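Enquirer: Residue strings, one per chain:
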Amino acid sequence: MAQVKEYIGKVKPDWCPGCGDFGVLNALQRALADLDIAPHNVQVVSGIGCSSNLPGFLNAYGFHGLHGRSLPVATGAKLGNHSLTVIATGGDGDGYGIGVGHFVHTCRRNIDMTYIVMDNQIYGLTTGQASPTTEKDVRTKSTPEGTIEIALSPIALALSCGATYVARGFSGENLHLAQLMKGAIEHKGFALVDVFSPCVTYNKHNTYPWFRERVYKLEDERHDPSDFRLAMEKAFEWGARIPIGLFYKVNRPTYEDEEPALRSGIPLAKLPLQRNDLASFMEDFI
Amino acid sequence: MGQTQTDLTVWIGGAAGDGIASAGESFAKACSRSGYHVFAHNSYQSVIRGGHVCMHIRIGQQKVYTQGDVCNYLVALNQDTFQRYAKRVTKGGAVFYNTDKFKAAQDQVAAGVQLIGIPVMELAGNQLMQNTALMGALMQVIGVDAAAIREMIKERFTKKGEAVITTNLDAFDKGGAFAHEKFKPGEIRVGKGDGKRRPLAGGNPLIAFGSVAAGCRFYSAYPMTPASSILHWMVKYAAKAGVLVKQCEDEIAAMNMAIGAGHVGVRAMTGTAGGGFALMTEAIGEAGMTETPVVIVEVQRGGPSTGLPTKTEQADLFQLLGASQGEFPRVIFAPRTLQECYSMAIDAHNLAEKYQCPILITSDLYLSERLETFDGVDINHVKIDRGPLVTQSDGAYRRFLLTPTGVSPRALPGTPGTIYTAATDEHDEDGIVISDVFTNPAMRVKMMDKRMRKIEHLLKELPAPTIDGPNDADLTLVGWGSTYQVMLEAMEALNKEGLKVNVFCLRIIAPFQVNEVRALLETCKVTMSVEANYTGQIVKLIRMETGLSIQHHLRKYDGEPFEPKQVIDQARTILKTKPKQSVLASVQSDEGLPPDFSPIEHPAIGAEAARQH
Numbered sequence: 001m002a003q004v005k006e007y008i009g010k011v012k013p014d015w016c017p018g019c020g021d022f023g024v025l026n027a028l029q030r031a032l033a034d035l036d037i038a039p040h041n042v043q044v045v046s047g048i049g050c051s052s053n054l055p056g057f058l059n060a061y062g063f064h065g066l067h068g069r070s071l072p073v074a075t076g077a078k079l080g081n082h083s084l085t086v087i088a089t090g091g092d093g094d095g096y097g098i099g100v101g102h103f104v105h106t107c108r109r110n111i112d113m114t115y116i117v118m119d120n121q122i123y124g125l126t127t128g129q130a131s132p133t134t135e136k137d138v139r140t141k142s143t144p145e146g147t148i149e150i151a152l153s154p155i156a157l158a159l160s161c162g163a164t165y166v167a168r169g170f171s172g173e174n175l176h177l178a179q180l181m182k183g184a185i186e187h188k189g190f191a192l193v194d195v196f197s198p199c200v201t202y203n204k205h206n207t208y209p210w211f212r213e214r215v216y217k218l219e220d221e222r223h224d225p226s227d228f229r230l231a232m233e234k235a236f237e238w239g240a241r242i243p244i245g246l247f248y249k250v251n252r253p254t255y256e257d258e259e260p261a262l263r264s265g266i267p268l269a270k271l272p273l274q275r276n277d278l279a280s281f282m283e284d285f286i
Numbered sequence: 001m002g003q004t005q006t007d008l009t010v011w012i013g014g015a016a017g018d019g020i021a022s023a024g025e026s027f028a029k030a031c032s033r034s035g036y037h038v039f040a041h042n043s044y045q046s047v048i049r050g051g052h053v054c055m056h057i058r059i060g061q062q063k064v065y066t067q068g069d070v071c072n073y074l075v076a077l078n079q080d081t082f083q084r085y086a087k088r089v090t091k092g093g094a095v096f097y098n099t100d101k102f103k104a105a106q107d108q109v110a111a112g113v114q115l116i117g118i119p120v121m122e123l124a125g126n127q128l129m130q131n132t133a134l135m136g137a138l139m140q141v142i143g144v145d146a147a148a149i150r151e152m153i154k155e156r157f158t159k160k161g162e163a164v165i166t167t168n169l170d171a172f173d174k175g176g177a178f179a180h181e182k183f184k185p186g187e188i189r190v191g192k193g194d195g196k197r198r199p200l201a202g203g204n205p206l207i208a209f210g211s212v213a214a215g216c217r218f219y220s221a222y223p224m225t226p227a228s229s230i231l232h233w234m235v236k237y238a239a240k241a242g243v244l245v246k247q248c249e250d251e252i253a254a255m256n257m258a259i260g261a262g263h264v265g266v267r268a269m270t271g272t273a274g275g276g277f278a279l280m281t282e283a284i285g286e287a288g289m290t291e292t293p294v295v296i297v298e299v300q301r302g303g304p305s306t307g308l309p310t311k312t313e314q315a316d317l318f319q320l321l322g323a324s325q326g327e328f329p330r331v332i333f334a335p336r337t338l339q340e341c342y343s344m345a346i347d348a349h350n351l352a353e354k355y356q357c358p359i360l361i362t363s364d365l366y367l368s369e370r371l372e373t374f375d376g377v378d379i380n381h382v383k384i385d386r387g388p389l390v391t392q393s394d395g396a397y398r399r400f401l402l403t404p405t406g407v408s409p410r411a412l413p414g415t416p417g418t419i420y421t422a423a424t425d426e427h428d429e430d431g432i433v434i435s436d437v438f439t440n441p442a443m444r445v446k447m448m449d450k451r452m453r454k455i456e457h458l459l460k461e462l463p464a465p466t467i468d469g470p471n472d473a474d475l476t477l478v479g480w481g482s483t484y485q486v487m488l489e490a491m492e493a494l495n496k497e498g499l500k501v502n503v504f505c506l507r508i509i510a511p512f513q514v515n516e517v518r519a520l521l522e523t524c525k526v527t528m529s530v531e532a533n534y535t536g537q538i539v540k541l542i543r544m545e546t547g548l549s550i551q552h553h554l555r556k557y558d559g560e561p562f563e564p565k566q567v568i569d570q571a572r573t574i575l576k577t578k579p580k581q582s583v584l585a586s587v588q589s590d591e592g593l594p595p596d597f598s599p600i601e602h603p604a605i606g607a608e609a610a611r612q613h
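Quick mapping for you: the protein sequence lines, in order, are chains A and B. Counting along the first sequence from 1, when you hit position 167 you're at 167 in this note's numbering, and nothing is skipped either side. Counting along the second sequence from 1, when you hit position 83 you're at 83 in this note's numbering, and nothing is skipped either side.
Any given hint could turn out to be false.
[Unchecked claim] Below are the DSS-like pairs computed for lysine-lysine, each with C-alpha atoms no more than 27 Å apart in a straight line: (1) Lys500/B x Lys12/A; (2) Lys159/B x Lys240/B; (3) Lys160/B x Lys182/B; (4) Lys103/B x Lys63/B; (5) Lys383/B x Lys270/A; (6) Lys103/B x Lys182/B; (7) Lys103/B x Lys160/B; (8) Lys10/A x Lys87/B; (9) Lys270/A x Lys103/B; (10) Lys270/A x Lys240/B; (11) Lys10/A x Lys446/B; (12) Lys141/A x Lys188/A; (13) Lys383/B x Lys236/B; (14) Lys446/B x Lys460/B.
If you're looking for bench data, these hints aren't it; they were derived computationally from the structure. Since the structure is predicted, the reported quantities are computational estimates derived from the model, not experimental observations.
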């Protein structure tokens with residue numbers, strides 16, 4: 001088994017002290033070490049936001065792209081070289097706000113990749129505006145009288161769009177989170193790990209104590225992750241008790257399994273560029 | 001006695017759904033297989049209720065540059081077509097129609113034009129055979145060998161069985177026999193073809209084919225006219241070519257997926273029209289900043305906004321030049337011919353990897369959706385150049401190494417020992433971001449200089465622009481991209497009249513070849529731009545880059561392509577009436593200038609839409 005330190009990147013995280021994202025990074029490094037995936041075979045793709053700085057802090061190939069566009073870049077990377085372990089990371093604004101269209105369709109596609117969303121219910125990098133997962137009536141910099149819109153449920157959205165591994169973790173439960181990530185990376189298909197990752201600077205509502213009081217583990221209540229209806233029901237459980245853990249898991253052929261261009265099993269990136277069959281294409285123009 | 005010409009033009013028109021495209025394509029392909037050069041343009045007259053479509057097909061013994069501007073033979077699949085165009089059919093020509101559908105009288109056409117009415121029901125017993133019977137009559141009257149079209153009918157209906165083939169061949173033969181018996185041979189004839197079976201296609205399939213030839217394995221797109229035929233060609237040949245074709249949720253995804261594939265080392269491309277390109281804009285800069293190879297095709301159509309979805313225009317030049325915030329190297333190719341669609345697609349994929357930046361190919365509906373015979377497509381000497389690739393690390397790999405050329409050797413994800421993060425934030429040689437917490441203005445400047453240095457090396461490698469025609473011409477026609485061939489046709493016609501005209505048509509827009517363009521323009525006496533837009537975009541770009549002003553302008557933005565006569569007339573007027581001026585003439589804004597010339601008069605295309613000044 002590999003050592004966690006092999007996955008520590010060249011750059012020290014620049015997150016605020018106490019940020020939930022430290023726990024996410026640690027859990028991811030632990031999961032990769034446990035699975036013994038060589039760092040050079042991992043491609044991490046992120047968008048923009050505090051949490052999207054993660055690729056630089058991890059020893060793996062990284063692509064730190066545009067705001068909201070991590071999933072299409074990750075999809076292109078996976079389809080281009082499906083021998084890589086592809087992990088997309090980002091925040092709730094990145095994935096459920098500006099990038100939600102891609103989220104919906106990536107779930108449908110069942111690309112074999114893991115999507116880790118550091119969900120802090122706030123826009124941190126832009127100093128504290130409401131996000132798609134900010135609860136109704138919460139006051140933020142952009143909603144001084146409280147948010148008018150209701151919060152989006154990432155779990156329910158992922159389930160309804162066809163994601164085949166849907167989990168939620170809490171960065172205050174590091175070993176549990178690492179287990180969920182291991183399961184997600186091992187899962188053949190699109191895996192969402194939504195993580196409660198408190199913003200200690202701009203979210204004074206959803207704090208560590210706030211989550212600690214409420215979260216409970218689905219595993220502790222003998223939740224059956226093969227039961228779609230139950231998963232959907234649990235997705236909307238919010239308030240005094242909030243579930244974390246594996247909501248749903250199902251095996252379905254991945255996009256790569258069914259894509260004709262990948263039937264040979266050889267990644268596109270490894271195929272030769274020079275062709276000798278061009279005459280046969282010319283014939284068709286006649 | 002017939003007049004044997006070097007070319008003739010057939011128009012096939014009807015309502016959308018009448019099968020104009022398939023009848024027109026069959027005729028075009030039959031001619032291209034019979035040794036003729038062919039040029040066909042499908043004109044959608046969307047201003048007319050009912051979705052009127054008219055395909056203009058010109059065939060010739062020599063290279064045919066455009067759809068031309070006359071109608072020698074008209075196949076009117078409905079009465080509307082007859083009423084609109086019958087009067088335009090030239091003397092010695094003919095109008096073909098189905099007598100079951102409408103009646104036509106000799107006073108509705110010019111003197112010397114035959115009305116060839118075919119009683120489809122009586123001959124074929126089935127109105128579905130209308131197009132086939134009319135084609136039989138057409139081939140008979142114009143005297144083009146019918147063997148190729150019979151072969152095509154067989155090919156087309158093979159899957160439907162022998163009975164369908166027989167029915168169609170029978171209708172075709174009966175149409176021909178009826179015309180032979182009741183009507184005279186057409187007086188406008190084209191000499192025999194040379195027997196060579198020529199390839200026939202439009203710009204989009206050739207851009208797609210060129211990409212495949214260059215080893216492109218990934219094409220992501222969202223459907224949008226007039227770029228969709230790239231997607232369709234790629235899908236059709238995906239299995240054979242081993243290309244992964246991904247239809248995406250939007251153009252933002254299409255562009256970002258192509259970048260993802262490019263990042264891991266796949267030659268990747270995306271394609272769209274102007275509106276979809278607007279959505280890709282941010283990610284064009286992403287490719288520039290992360291130094292990811294990617295090829296983007298923008299097929300222009302009439303704008304602004306949704307504009308004219310099925311019409312042509314060249315009005316996206318500044319969108320292409322200005323796409324994305326900030327500054328980064330980009331290449332913009334504007335192929336002028338089908339052959340260049342193919343060769344520039346290959347060049348685009350090579351340059352994308354060699355210079356690690358976005359390469360844009362722009363074309364327009366006119367170039368992309370036409371059907372034209374082509375040659376000069378070299379399939380035997382396709383050069384692949386990936387630029388420097390690192391496959392083994394000595395432990396000191398730096399993805400964004402500062403180099404004299406600005407190009408840093410690339411390592412592909414999966415390679416041991418060369419791990420890095422490619423970031424859209426400014427970063428240092430290791431890819432570590434220096435945008436925010438660890439700012440580094442000196443490194444920022446070095447990285448900008450490094451990326452922008454690629455441009456000077458690109459400029460050394462790109463082929464120089466050239467002028468076609470006599471170098472002592474009295475008038476130079478200036479344009480870019482798809483107006484090339486109409487300018488060539490005008491030039492040849494004017495030169496035959498004894499007027500000295502040449503053509504300067506740009507095919508590389510960026511990086512702009514300032515010195516070469518200026519040197520060439522300084523050799524020109526009088527200049528006239530030919531551009532399918534309102535504001536004179538290439539004129540502005542040339543002035544901006546060289547300080548030289550094109551003096552006279554012919555512009556068109558009604559959505560239809562230029563016709564040769566429009567260019568010829570305008571050029572002749574300038575040569576006969578305008579004083580010679582230097583290209584260094586005083587600079588004025590183009591907007592709001594009074595017209596130099598009266599607008600183009602053209603019954604079919606709406607004179608109000610043509611503007612020159």
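Enquirer: All hints, please: hold or fail.
Expert: Verification of the supplied hints:
About 70 Å separates the Cα atoms of Lys500/B and Lys12/A, which puts this hinted pair outside 27 Å; it is violated. A threshold of 27 Å between alpha carbons decides the hint, and for Lys159/B with Lys240/B the separation of about 21 Å falls inside it, so the pair holds. For the hint pairing Lys160/B with Lys182/B, the CA-to-CA distance comes to about 33 Å; that exceeds 27 Å, so the pair is violated. A distance of roughly 37 Å separates the Cα atoms of Lys103/B and Lys63/B; the hinted pair therefore is violated under the 27 Å criterion.
About 18 Å separates the Cα atoms of Lys383/B and Lys270/A, which keeps this hinted pair within 27 Å; it holds. Note on Lys103/B and Lys182/B: the hinted pairing holds, with a Cα-Cα distance of about 17 Å set against a maximum of 27 Å. Taking the CA atoms of Lys103/B and Lys160/B, the gap is about 34 Å. The hint is violated against a cut of 27 Å. Distance hint between Lys10/A and Lys87/B is unfulfilled; the C-alpha atoms sit about 77 Å from each other, more than 27 Å.
Only pairs whose Cα atoms come within 27 Å are accepted, and Lys270/A paired with Lys103/B is rejected, the gap being roughly 65 Å. Annotation: proposed proximity of Lys270/A to Lys240/B holds, straight-line Cα distance about 17 Å (limit 27 Å). Our distance criterion of 27 Å between C-alpha atoms is met by Lys10/A and Lys446/B, whose separation comes to about 21 Å. Restraint check for Lys141/A and Lys188/A: not satisfied, since their Cα atoms lie roughly 40 Å apart, outside the 27 Å limit.
A C-alpha spacing of about 25 Å is found between Lys383/B and Lys236/B, which places the hinted pair at or below 27 Å, so the restraint holds. Note on Lys446/B and Lys460/B: the hinted pairing holds, with a Cα-Cα distance of about 22 Å set against a maximum of 27 Å.
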